[in-house]
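S.K.: Heads up: the protein sequence lines correspond to chains A and B, in order. For the first sequence, the working numbering gives the first residue as 74, with consecutive numbering after it. For the second sequence, the working numbering gives the first residue as 25, with consecutive numbering after it.
Rather than coming from a laboratory, the hints here were simulated on the basis of the structure. A couple of the hints might just be wrong.
[Said to hold, decoys possible] So the derived label-pair ranges between C-beta atoms look like this:
(1) K149(B) x E340(A): 56 to 62 Å
(2) G216(A) x T92(B): 54 to 60 Å
(3) E503(A) x E66(B): 34 to 40 Å
(4) S704(A) x E191(B): 25 to 31 Å
(5) E191(B) x E335(A): 50 to 56 Å
(6) E66(B) x F769(A): 56 to 62 Å
(7) E335(A) x V78(B): 39 to 45 Å
(8) E503(A) x T96(B): 57 to 63 Å
(9) V663(A) x V78(B): 43 to 49 Å
(10) Q172(A) x N132(B): 30 to 36 Å
[Stated by the list, open to error] Stretch-level coverage of chain A by chain B, calculated; a stretch enters the list once three of its residues show a Cβ under 8 Å from a Cβ in chain B:
(11) 131-145
(12) 152-160
(13) 298-309
Owing to the predicted nature of the structure, the values given are computational and were not obtained by experimental measurement. Backbone N, C-alpha and C fix where the C-beta goes; we use that ideal spot for every residue, glycine too.
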Amino acid sequence: MLISRRTFLKAGALAGAACAVPAAFDFPAFVRGAAEQPVTKIPSTCNGCSTNCALWVYVKNGRLWKLEGDPKSMKNEGTLCARAYGVAADVYNPDRVTQPMKRTGEGQFSPISWEEAFREIAGKLTKIIDKDTASTVVWMAHGGKETYAQMLLDEIGAATYITHYSTCFTSKTNAWDKMVGNQLTADMNRAKYMLFAGRNYAGGIMPGAMRKIMRAKDRGARIVVVDPRLCELAKVADEWLPIRPGTDLAFFLGIAHTLISEKLYDEKFVREYVFGFEEFWNANRHFTAEKAAEICDIPAARIRGIARELAKNAPAAFLDPGYHGLHNHYASSTQIAQANVIVNALLGNFYKHGGLMPAAAPRFGKLALPKRLQPEKGERADGAGVNNEYPTVETSRGIAQHMPDMIAAGKVKALFIYHFNPLRTAPDPEYQKKIVTAELVVSIPVDWNETSVHTAHYILPEHYYLERMDAPKSTGGNIAYDYPQAVMRFPALKPLHNTKHLLDILKGIAQAMKIDDLYPFTLEEDAAAMLKPLGATLDSMKENGCLEVAEAVKPEFPVKDGRPALTTTTGKVEFTVGAFKLHGRMGVPVWTPPLVSPKGESEFRLIHGKQPWHSHSVTSNSPYLMAVTKSYNGSRMWMNRSRADKLGIRDGDTVTVEAKIEHRGEARAVSKKVAVKVTEMLHPECVWVPSGYGNFSPRQKVGYQQGVNYNDFAPARVEPLSGGCMVQEVIVTVRKGG
Amino acid sequence: MAHYAMLIDAARCTGCAACRLACQMQWQLPPDVFFNRLEFREAGKYPDVKQEIVPVQCMHCDNPPCATVCPTKATYKRADGLVLIDHDKCIGCKYCVVACPYDVRQMNDRGIPEKCRFCAGFIEKGEQPPCVSTCMNNVRVFGDLDDPNSELSKKMKEKPVYQLAAEKGTKPRVFYVKRGG
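From just these sequences and the hints, can you work out the full model?
M.R.: Rendered as structure tokens:
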């Protein structure tokens, strides 16, 4: 709970007496009294999703009072979404892991001291490295690279750091990396026309994006949203185009065809800065808007219309580079991302204000550390970047969803899982449970998530984000903003439990492994070194919050010696990907149908998305956020009314959802029950579930068994080009009743 | 004397519930007590369908039925327009809960009704209620109607506004922007 109401009221009454206000309670006295308690404001960044919204934490009597968004941060511009508050309040959630734990049986744990845990883990780790090779030691994490963890991997010679991105958006980053060498971002601040497909900034919320989108709307910019569901962003858009799920590639190719066949594209930009235009056009010259319309359920006239409107407003027009939904979850996701690059390049909007701009990033400093003699690394265990496995998957992100196969094949013996919960956020939890069979599994969470409960041999709880300092980060990325910004977390609260910071956990393990001086610095020293070139100090960051560097990103295509100088082979935007061709694939995107399609009255494609007040599984044990779910029946599965009528399903009815999961020749039937929301706001061929539900950790009492999760119905597959998990390539059968 | 009021542009709302959570934190409320809610409605048939989301909270009526029915005058109207509850005078009879046409009163765990306080105590210091300041879409504008230069006064002139259930004669101080306005 938050600070006790009783304490709060007492403070009010006392102050009331002191001010000679009548004893009768009134609010001004209440608030004056409360205000007289010393309040400290500490800057931090939200941990409710990976956006990193900057915020101020108000602390009173050593307890969390409230949060306020930092007005300077481009990611949130002073605002915060519901998740920020729910996740902050969860510092007091009784379902946190309160001390290091050691597994004693299925779901059974007993407390262990930090020293003992470090000693046992180090012993096992050393034995594995000596007996096998350090290549069998793997670190998996939600979010980007943790420098400190990478340092341990480098020291022992372990090649495999895996992020969760292969369950999120890797086809996007892969396509942009290989075609452009940069992840460009949409300049909503200046755009006149914005097309969003499979990107719902009001559901998978980025508050700063919504600020910019709404301001653009106010000044007359046009907003078009393509989504099988009337999503939250579509609600405030000028136009919603419900697309047949899984066919966005056809829609993008139809737009590209119109731009080229009607000569609406930026010929100068293509001539100077594009490689592979002819190859793309040769492969797609027959894929007209009419052809696209047959597939994607959006009329040809509208596809042509959108292409013309985009071209008319170019370069202050864009197709948003997108995120989770389209860029991981279809067999054609890599081609979808490629087509996205191509549509934007045809508009000539690269490095243009109002189009796509590079992310601004501050130039952080680096602590000067003595060079260490480190072993050479072997091949990655997950197959990312490995010949004959997944050669074109980005090694900076890896493949997270097939860990049990890697363990069974003897490629992984020791696994660290940092703030990541593959048992709930990767496909097929029954399969993911086999992670427990590794020789060493160490989970570093804050809460009793499914992965910790079912697979961890040791649980080493980290400080809650409000209890810890974290190194400075850039706010840049995902959406455009002219100036580089740095934000930083400072500890706002004293640690409530027997937890540690990641750096201290790693120091403990390294010391127990007899690795001397791997981390010869403190967190403060590291952060200070990073800030130094920006003219900032720990004190100035603590005083001012978000730091902005007054050096704007210029709207200029990179050119060197008069030639295009992107980091691609040709220096140009490459419409065809050489690396794909090297490995026997098409270099350019062409229409690729979905892997599976629903047939008959009771079959549906199962798709998912974020609900505005939940972030996948991270928030589903929050009492405050689950209370919102309860108020709005938020865990229901959406179904189009015309389909529901045929099956005799009424709003609120419970249905049985069934699927068959096949993995490596074995088939399993899955059957779950869920209540249905019958709606007009969804394409008839799919059912939609919000992504945050279906917790099955019995130690998470609030979220336990609320709703269903899309991952329950999906096999663990790997899309070969980018490593995506294709979980929207799933057909479920729905019938009324339980 | 200020004349506090609020303008809500429901067309801008995308239903994230940040207003509810920000308010719960400001006032240290438990998860199931909240001072503002969202009303979700669908209109039309697929694919020609629209969604409406209407944020609802205490309207701080100038003619508040909750105060009229209160036998102990626990609910009272302040000169600056705020409708507040004196918890010490309240006997927990719930007449006010029934009388409110907007259904915005909730009983707390001590049997006393709770509702939006228009952030009394904070707004006098010039602060914005957190339901206003946390909103990424600028759905709400709060301010002083007596100040012609306030953002509220300006916005009220820009677009036609209406009040919820105005026909009940409650004279709410929460105004809504008319659809298409």
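S.K.: Can you name, in rising order, the numbers of the hints this structure does not satisfy?
M.R.: 6
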